Each structure stands twice: as structure tokens, then as C-alpha cells.
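**Student:** Now for the letters of each chain:
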Amino acid sequence: MSVWFPASVPTLVRRERASLAAALSAPVIALGGAIALNLGLYILMGRDPVAVVYAMLFEPFLSWASFSEVLLKAGPLLLIAQGLAIGFRAKVFNIGAEGQFILGAIFASAIPVWFPQATGQWIWPAMLLLGAIGGAIWASLTAFWRVRLNANEILVSLMLSLVAAQLLNYLLLGPWKDPNGFNFPQSVMFQYDAMVPTLIAGTRVNVSFLIALVLSVAAWVFMQKSFIGYKLQVGGLAPRAAGYAGFKEGWAIWLSLLIGGFAAGLAGAAEVAGPLGQLQRSVASGYGYAAIIVAYLGGLHPIGIVVSALVMAVIYIGGDNAMVSASLPIAAVRVFQGSLLLAYLIAVAFVRYRLEWRRTAQRSLP
Amino acid sequence: MNAIEFILAGMLAAATPFLLAALGELVAERAGVLNLGVEGLMALGAVLAFIVVYHGGGHFLGFIVAGLGSAALSLLFAFVTLGFRANQVAAGLAIGILGQGLSALFGKTYESLTVKGLPKLALPTLSELPVIGGLFVQDIVVWISLAATLALSAILAYTKLGLIVRAVGENPKAAHAIGYSVISVRILAIAFGGAMAGFAGAYAAVVYTPLWADGMIAGRGWIAIALVVFGTWLTGRIFLGACLFGAVSLMGLAAQATGLDVPSQLLSSLPYLVTIIVLGIISADRRLLKLNGVASLGEPFER
Chain A
1 MSVWFPASVP TLVRRERASL AAALSAPVIA LGGAIALNLG LYILMGRDPV AVVYAMLFEP
61 FLSWASFSEV LLKAGPLLLI AQGLAIGFRA KVFNIGAEGQ FILGAIFASA IPVWFPQATG
121 QWIWPAMLLL GAIGGAIWAS LTAFWRVRLN ANEILVSLML SLVAAQLLNY LLLGPWKDPN
181 GFNFPQSVMF QYDAMVPTLI AGTRVNVSFL IALVLSVAAW VFMQKSFIGY KLQVGGLAPR
241 AAGYAGFKEG WAIWLSLLIG GFAAGLAGAA EVAGPLGQLQ RSVASGYGYA AIIVAYLGGL
301 HPIGIVVSAL VMAVIYIGGD NAMVSASLPI AAVRVFQGSL LLAYLIAVAF VRYRLEWRRT
361 AQRSLP
Chain B
367 MNAIEFILAG MLAAATPFLL AALGELVAER AGVLNLGVEG LMALGAVLAF IVVYHGGGHF
427 LGFIVAGLGS AALSLLFAFV TLGFRANQVA AGLAIGILGQ GLSALFGKTY ESLTVKGLPK
487 LALPTLSELP VIGGLFVQDI VVWISLAATL ALSAILAYTK LGLIVRAVGE NPKAAHAIGY
547 SVISVRILAI AFGGAMAGFA GAYAAVVYTP LWADGMIAGR GWIAIALVVF GTWLTGRIFL
607 GACLFGAVSL MGLAAQATGL DVPSQLLSSL PYLVTIIVLG IISADRRLLK LNGVASLGEP
667 FER
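Chains as they are written, first to last, in our numbering: chain A, 1 to 366; chain B, 367 to 669.
In short, the hints are calculated from the structure, not lab data.
Just so you know, these numbers come straight off a predicted model, no measurement behind them.
Ideal Cβ positions, reconstructed from N, Cα and C, are used throughout, including at glycine.
Careful: at least some of the hints might be erroneous.
Within a straight-line C-alpha distance of at most 25 Å, the following computed BS3-like cross-link-like pairs (lysine-lysine) qualify [stated by the list, open to error]: (1) K248(A) / K656(B); (2) K248(A) / K91(A); (3) K91(A) / K656(B); (4) K486(B) / K656(B).
Pair by pair, the computed Cβ-Cβ distance ranges are [claimed, not checked]: (5) G602(B) / G40(A): 42 to 52 Å; (6) G40(A) / N658(B): 53 to 63 Å; (7) F445(B) / P179(A): 33 to 43 Å.
Computed footprint of chain A on chain B, listed as stretches where at least three residues anywhere in the stretch have a Cβ under 8 Å from a Cβ of chain A [unchecked claim]: (8) 454 to 467; (9) 649 to 663.
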């Protein structure tokens, strides 16, 4: 019995060298693909595609007021993703940035919650530093479990994020609840000196955005120019080779997680000392998970991440707009994020592989 | 009923979502694929089953739709990881986020609604035993899950099918060389894992709780992945682990019922804390993980 086989089938063939053109176009193609796919979904849901596109992709750029909100959202995503990407390149999969972000927010809030009357220019910088330390401490638990106990860092860091969310709830419903807050689960409003100064007058964009940009440059120098960054990357690409060269794996894991936790904690601190102005439940709004997508979409490269953080921020603000003007559920943003990462993973395959149509031999089954 | 009786009676039902999802993940991992999207697959299964049951389709149809829906989403994972050799960690995270997003999208108009669960079936005589009698009063899905655990254990250990799955996970090049299609086996293993995660979500949403709320899976999918490690890739140990987590997740309720003065948030984080601690204890014994671990886990297959 003979069975019909196609005369040729598409096959991925490894390129001799990675294609730079494919690497640069992959995120753009992925974004286009994800937009087309999600628009199809919105049409199926009976929404007006023109209204959605307008609200999601154009409105964020139409006024300085809304574009400044994009910058405000981009700040934490940028910070967290830069930290995570360093770990991802070393093949340390810290996916618990959400928890490290929450701990950063909690640690930073300790100052205004415990010393609400304190004044002085030192308060907000101290809060940012304390938040970053808090994030690093939370990440160090994962590092200890991974290095000393050999436990999978993906699972431990994720579990710690779920614990952090409960810790936040506990503080806001219990000891840190604002006694004059009409029983809302939130802390007292922070005093003036606990707020990060505004960077652009008339908007909510504050100095932490500048810090995120400066740290992005630092991440670029660290990953591309420093010997430690080089060692981390070698450890990720070829762990055996790195081992022979005397680069210790445990050391790379500690460094990756501490950097990731530091950056996420700093972002959490900047969130409470910036747009929120108090510790609230809504501080845990998924930045830590979205930043994973930002890191990948930026090709794990510091410059790419700056661009992808802005893109992700546009999706957030655009999603908010579409919720109002095209009555799109906010869950649509999560669907968009997931499909964007999947589309990117498909597109990025063509950096290392090219598609070839291979002739298949005519086969017959016995 | 005292706390111990309460926990024993409810343990198997509380364990079932963990067990079903972990068995599915076990098969995928045995075939060499690490699918981290279980949480999202469970969420999608939960909402699909809920919608079917809410509109009067019945529990059986609800489970079928949940299984098929989650299997379909897991095939997207197969497409990206096997078709395009994408990083399995990143692809799993993407499927997890996508599944959770889709479930919230589909479930928006069903938020906080409830359906009727399933009746409990009691084994005669055994269910009348003191203290442990509650163990033998369970709904039909629990009984089927126990049977499925035994069946899967036997299939993996003693049949040719099980051998092929293990060979593909252990040494894909060799399996390919002797004529088995590594990709086909992995696709089927991923689809099986997806369907089981769908069943697990369905159980949580239309039998165990039975209500729909965004985020109701609450980390169960992640704990199921951890269970596969706890169980060192062996069915029996995964079952024991699922029972442990069933008991732990009931401890919060038992503690509240006895009026223990502990913050409820601490009790809610108990399953996560226990996961972290047990993961540390089991993983610290590297020989144990090496002994039963899957050699090619997480690595893409290239001919």
C-alpha cells in the first residue's frame, strides 16, 4: 500500500552563523503577528477593530499627557527586565521578580509608615535603596535554595512571589493598615519628602525613570564590556567550558539573582514612592511577570530592552484606553502579552535556523 | 468531626487537582519536555468546564471540553518548542500567561457564579470505619483519578508504550535511530499533559470549589510541577506528594474552624512555603534526582 507524502516539506536548518537581520526583525515581526492575531480575537468578540487599534496603538502617542503615562509604566518594566535579562543570559531563570518587586515596595514603605513625621531630602533616596535591598534579600532566598540545596530556581522564585503577595495582604489588612483609611487595605499616605521628585513638570514621570535609563547604560557596560559580565554569559552559553575555565556556577547564580532582586526591589520602591504615594494592594499588578516578556522581546540585550519596555508600556496604556473606549476586558492585555511572547519565540527561531524545502523520498508502508 | 477527621475526609478531593495535573506533567517530562504552562492550562480548563456546566451541559461534557481545550492550548506549546525549537522555559511561561489571560477573558461574565458539585459515593463498610472512614467517601472523579494513577504507573513501567516514552526522554537520538519518531511521541505526551491539566482545572472549578473566580487556580499548577520533582518522576511518590498538599491546603480551613489565632494569610501561604521547604529537602539529595531524573529534560531535539 502506498501512502501519499508531500514532495517536499519545510525543515529548519541550522545557520552557520546567527543572522543579525533576523535578530533585529524578529521582535517587529512578532509584534505585527501578535497584533493581527489579537485583532482577530477582538473581532470574534464583537468589538470594533478600528476603535481598538485607535485606542491601543495611536491614542498613547496623541497627547503628551498620555505619552508621559507610557514613560511612567515603562520605568519599572525597564528596571526589572534589565535585571532579569542578566540572569537569563547566564541561564538563571528568576521568574520571581513579582515577589522581589513587592518586597521592595514593602521595605521602602517601612520608612514613611514607621516615621510618618520625618522630613528631609534623604528620605526618598533611602527608601529606594532600602527597597532594592529588600528585593535582593528576597532573591537571596532563591539563590540559597538553588546553590546550597540544588532546588529549581524557577519553582522557588515563583512560590516566593505567591508568599510575598500574602505578606503584602497581611501588612495592609493588619499592622500597616491606615487607621484613618476607612478600612481600605492600604497604608498611610506618604509625606512629601518620601516622594520621588518629578522629572518632567506637569506629568507623573519621576526621577526613577532617569535612574532606570542610567542603570540600563550600566547594564550595557556590565554585559558587553566587563569581564564579570563576559564570565556570566560564557557560563550561560557553555557551562562546561566555563567550569573548566574556573568560572564558578554557584557564584554566577548568586550574582544573577542578587542583581535581579536589587533591580526589581528598586522598581517596587519607586512605585510606592512615585505614582502610588502609599503601599497598596495594587502594587502587585504583574510588572514582574510582564518584565519577563520585556526581557525576551528585547533579545536579552540592554538596548533592545529599552525599546521593548516602551512597547510593553504602550500595550498597557493602550489596553487601559481600549477598556474605556472599546469596552475591551483588561484580561485582553494578558492575552496580548502571552501571544506576543509566543510569536517572538517563533520569529526568533530564524536567527539560528533557516527554512529549507527538503524533498522527501517516496515511501511505501508494508 | 475533629481536625484530623476533617483533613482525612477532604484530603483526596483536595489532592485531586494536584494529582491530575502532576500526572500529565510527569508524562510530558518523561518524554523530555518541561512544560511550565500548567497553571495557565489549568485555568483554561477550569473556565471551559465552568461555562459548560453553568449552561447545563453537565459535568461529563464539562470535563471533556476542558480536556480538549487545554490539550489544544498545549499543542501550541508543542508547535513552538518542537516545531521551532524554542526555549521550553520561555514557551511554557508564555503558555501560562496566555492561558490565564484567556481564562479571565472567557470567564469575565461568570465571575463569582457557582454551580452544583458532584455527589459523594461511599464505599460500603470501609466508609463506616472510625476516624479514617471519610477517606472512602469521595466523588466519582476522585475514584477515577486513583484508577488513572495506577493505570499510568503500570503503563509507564511495564508496557512498550511506556518504554518508548521513557526512551524518547532519556536518549532521543537513540530512540530516533531505532525508528521511533521523537517529535510525534513528544507531541502526544504534551497533549496528554495538557488534557490532564484541563481535567485538573475542571475538577477545581466544577467539583471541588465549585465556582469561577479569576486566579482561582492560585498556584496549584506550579505546585503540580514541583510535585513531579518531589515524586522524583515516580507515580507512587507523586500520589503521596499530592496527598500531602491536599492535607496542607485543608490545614488552613481546619485551623480556622478550631479558632486558632493565626493570620489567614499565613495559612494561605502554607502550601507555597511547604513547596519551598520540601523542594529544598528533596533536591539536596542530588543522587536521588539523578537516579530517576530525565536525562534530556528541557533540551530541544535536533536530528
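**Student:** Holds or violated: the stretch 649 to 663 of chain B covered by chain A, criterion of 3 or more residues with Cβ-Cβ distance under 8 Å?
**Tutor:** Check passed, 4 qualifying residues.
**Student:** Compare the distance between the alpha carbons of K248(A) and K91(A) with 25 Å, and conclude whether the hinted pair is satisfied.
**Tutor:** holds, 14 Å
**Student:** Does the alpha-carbon distance linking K248(A) and K656(B) stay inside the 25 Å limit?
**Tutor:** holds, 21 Å
**Student:** For the stretch 454 to 467 of chain B, do at least 3 residues have a Cβ located nearer than 8 Å to some Cβ of chain A?
**Tutor:** holds (count 12)
**Student:** Compare the distance between the alpha carbons of K486(B) and K656(B) with 25 Å, and conclude whether the hinted pair is satisfied.
**Tutor:** violated, 41 Å
**Student:** Falls inside 33 to 43 Å, the C-beta gap from F445(B) to P179(A)?
**Tutor:** Between F445(B) and P179(A), where Cβ atoms are some 54 Å apart, the hint is violated.
**Student:** Just tell me: holds or violated, for the beta carbon distance of G40(A) and N658(B) against 53 to 63 Å?
**Tutor:** Hint violated: Cβ distance 44 Å, outside 53 to 63 Å.
**Student:** For the range 42 to 52 Å, tell me whether the beta carbons of G602(B) and G40(A) fit it or not.
**Tutor:** holds, 46 Å
**Student:** Can you confirm whether the C-alpha distance between K91(A) and K656(B) stays at or below 25 Å?
**Tutor:** holds, 20 Å
The earlier numbered hints that this structure contradicts are 4, 6, 7.
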